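Asker: As you go down the protein sequences, you meet chains A and B in turn.
So this note's numbering is basically just the index in the first sequence, starting at one, shifted up by 15.
So this note's numbering is basically just the index in the second sequence, starting at one, shifted up by 331.
These are calculated hints, taken from the structure and not from any lab test.
None of the values given here were measured: they were computed from a predicted structure.
Just so you know, even glycine gets a beta-carbon here, dropped at the ideal spot from N, CA and C.
Just to be clear, a hint being listed does not mean it is correct.
Claimed, not checked - Which bits of chain B does chain A cover? Going by a derived footprint, with three or more residues having C-beta under 8 Å, they are:
id, region
1, 375-388
2, 406-413
To be verified - With a Cα cut of at most 30 Å, we get these calculated DSSO-like pairs of lysine-lysine:
id, chain 1, residue 1, chain 2, residue 2
3, A, Lys72, B, Lys387
4, A, Lys72, B, Lys441
5, A, Lys29, A, Lys72
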Amino acid sequence: DTGVSQNPRHKITKRGQNVTFRCDPISEHNRLYWYRQTLGQGPEFLTYFQNEAQLEKSRLLSDRFSAERPKGSFSTLEIQRTEQGDSAMYLCASSQRTGIREKLFFGSGTQLSVL
Amino acid sequence: DQQVKQNSPSLSVQEGRISILNCDYTNSMFDYFLWYKKYPAEGPTFLISISSIKDKNEDGRFTVFLNKSAKHLSLHIVPSQPGDSAVYFCAASYGDGDMRFGAGTRLTVKP
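Extracted from the complex, chain A is given alone in its bound form (with noise of 0.2 Å):
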């Protein structure tokens, strides 16, 4: 399987408690977004990466979030002291960016549920 791997599937937590979601992009992809996204809404940007470095951030990524992607390949998106408000789904995309047009590849996402 070559497509964007995520894991894990499902995760629940507890108030309070730190969680740890990784992705796995296309290998030949140097493009890596975190979404999220919400019931009954689109998926929301939260950060990019172009090979290691990030480039991007969005104010919906307060400073409980942090994200990872050492040496380029896969990414680790990190949530300390958890809140009931960051349940959602997290998607993690990738792509080869080629001129100025991009489509993303998407991730079955982590289901976040916290308690």
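Starting from the structure of chain A, add chain B where the hints point.
Answerer: Structure of chain B alone, referenced to chain A:
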């Protein structure tokens, strides 16, 4: 600020008929538009796109129309099939900017 809007949360059509999904945007800088389809428990998958230099793009049963003056685009599916039942997201971007998504429209195609 919701720059991409899909005002119909759901749409139901009969198999074989045309499905028309609509999308409006407010940012006149957007110059690239996409439609994604999402099945339950899966991530969105790319369906079709259109650049702002065009007003129509067709791919098999799927056609996207862009009306720049009205800041409106639509996705036509003809003929609709039960396997098309999914949530459809409209998305837009410009330059190197991030992609903005609408809230989605749930399409149900009845046999």
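Asker: Are the Cα positions of Lys29(A) and Lys72(A) separated by 30 Å at most?
Answerer: 26 Å, holds
Asker: Going straight from one Cα to the other, do Lys72(A) and Lys387(B) come out at no more than 30 Å?
Answerer: Since the Cα atoms of Lys72(A) and Lys387(B) sit roughly 33 Å apart, the hinted pair is violated (cutoff 30 Å).
Asker: Does the alpha-carbon distance linking Lys72(A) and Lys441(B) stay inside the 30 Å limit?
Answerer: Violated - the C-alpha atoms of Lys441(B) and Lys72(A) are around 42 Å apart, more than 30 Å.
Asker: Can you take a look at whether the region 375-388 of chain B is actually covered by chain A? Rule is 3+ residues, C-beta closer than 8 Å.
Answerer: holds (count 5)
Asker: Has the region 406-413 of chain B got at least three residues whose CB is nearer than 8 Å to a CB belonging to chain A?
Answerer: violated (count 0)
Hint compliance for this structure: hints 2, 3 and 4 are broken, all remaining hints hold.
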